[in-house]
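Q: Sequence:
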Amino acid sequence: MVKEIVLLAGGLSASTVFKIVVNDQHYVLKVDSPTAFIDDQLLSCMEIAAEAGIAPPVYYLNKAAGITITGFIKNTPLQSAFKSPDVLLPELVKTIRQIHELPPFPTENNLVNTVDGLIAQFKVSRMLTGPVFDECFAYYDEIRKHYPWGDTDKVLSHNDLNPNNIIFDGEKIWIIDWDAAFKNDRYVDLAITANFFVTNDEHENIFLETYFGNSLTNYHRARFFLMRQICRLVYAMLMFKRAHTSNRSGIGDDPVMGNISLKDVKEKLGAGKLSLASYEGQLLFGKALINEALNSMQSPRFASSIGQFV
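Sequential numbering of the sequence shown, starting at 1365, is according to the working numbering.
I should point out that these hints are in silico values taken from the structure, not numbers from a laboratory.
Be a bit skeptical, because a hint or two may be false.
As the list claims (entries may be wrong) - Taking lysine-lysine pairs in the DSS-like style, the calculated list, with each CA pair at most 30 Å apart, reads:
1) K1383 with K1632
2) K1458 with K1630
3) K1438 with K1427
4) K1487 with K1547
5) K1605 with K1518
6) K1630 with K1447
7) K1509 with K1605
8) K1536 with K1605
9) K1487 with K1383
10) K1458 with K1367
Unchecked claim - Ranges of calculated distance between the beta carbons of each label pair, as one might list FRET restraints:
11) A1641 with Y1423: 52 to 62 Å
12) N1439 with D1396: 13 to 23 Å
13) K1438 with D1396: 17 to 27 Å
14) T1440 with E1411: 18 to 28 Å
15) N1578 with S1639: 40 to 50 Å
16) A1428 with D1480: 25 to 35 Å
17) D1517 with N1387: 45 to 55 Å
The beta-carbon is built from N, C-alpha and C at its ideal position, and this holds for glycine as well.
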């Protein structure tokens, strides 16, 4: 007997997600668009991760209808559970390594085409323009020219390790929302996680040394740095896309980019003064990501990182 149904916020996917209570047991019901062509013999990334104990257990899955029922994990906020980055970051990396050690999923998207497509859509929209965007995209062109996109060392990648998809039950970390997962560059998961949790050089050292161990080199650091900027651009484009859809007022988007820092926007989001479900939150977060990426790309480290691949 269903006693309760509560709408939950999602990640980058367009799915509708509910918490449901059935016979006093809590579950997550996800409703996605039906899919016409399904290989039922092929395990999804979510099923692979659930079998490995990284994702919550899967109780029901109808791929054709787009319906999934999984276990509900009561979340304890990471920042309150782990009192310092020195403790939290190694645990996050441990989870990322577990994901990357799973059998690679056969589905693979072309990463550079994905990034190019998002930027092209944004440019066509003419939503925001100006020197900040021109300079940012010029730096991306340099990354695009030199980054080793063709590296065949691919892993099963979640591709959306934002805080909403990282759940801590008081004992272990679980990863949810596997809709964006596919075989990909390992630096994508590392960069996305770092963009939310790594705030200085000391944290970066802990993060990368935990993942790569004694094999860590300047090459690894350079790829990681460049991928952080790529992922900031991707998330910014997605935020602007959402904001464009959310802006029903008919009023033009505020073009001002100055004095919008990622640190300030994150603090407002954390304090509940801003919401990523709102137009304002989406627009400001997108702008903050662009500013953060540009600041990093203007630094000496950008040229030295590019130099690793020239």
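Q: With reference to the structure, classify each hint as holding or not holding.
A: So, going through the hints one by one against the coordinates:
1. K1383 with K1632: Cα-Cα ~26 Å, so holds.
2. K1458 with K1630: holds (25 Å)
3. K1438 with K1427: At roughly 26 Å apart (the allowed maximum being 30 Å), K1427 and K1438 satisfy the hint.
4. K1487 with K1547: holds (28 Å)
5. K1605 with K1518: holds (28 Å)
6. K1630 with K1447: holds (18 Å)
7. K1509 with K1605: holds (25 Å)
8. K1536 with K1605: Since the Cα atoms of K1536 and K1605 sit roughly 34 Å apart, the hinted pair is violated (cutoff 30 Å).
9. K1487 with K1383: violated (38 Å)
10. K1458 with K1367: violated (37 Å)
11. A1641 with Y1423: 52 to 62 Å: Violated: the Cβ-Cβ distance is about 28 Å, outside 52 to 62 Å.
12. N1439 with D1396: 13 to 23 Å: With Cβ atoms ~22 Å apart, the hint holds.
13. K1438 with D1396: 17 to 27 Å: holds (24 Å)
14. T1440 with E1411: 18 to 28 Å: For E1411 against T1440, whose Cβ atoms are near 26 Å apart, the range 18 to 28 Å holds.
15. N1578 with S1639: 40 to 50 Å: For N1578 and S1639 the Cβ distance comes to about 43 Å; the hint holds.
16. A1428 with D1480: 25 to 35 Å: Between A1428 and D1480, where Cβ atoms are some 31 Å apart, the hint holds.
17. D1517 with N1387: 45 to 55 Å: 46 Å Cβ-Cβ, so the 45 to 55 Å window holds.
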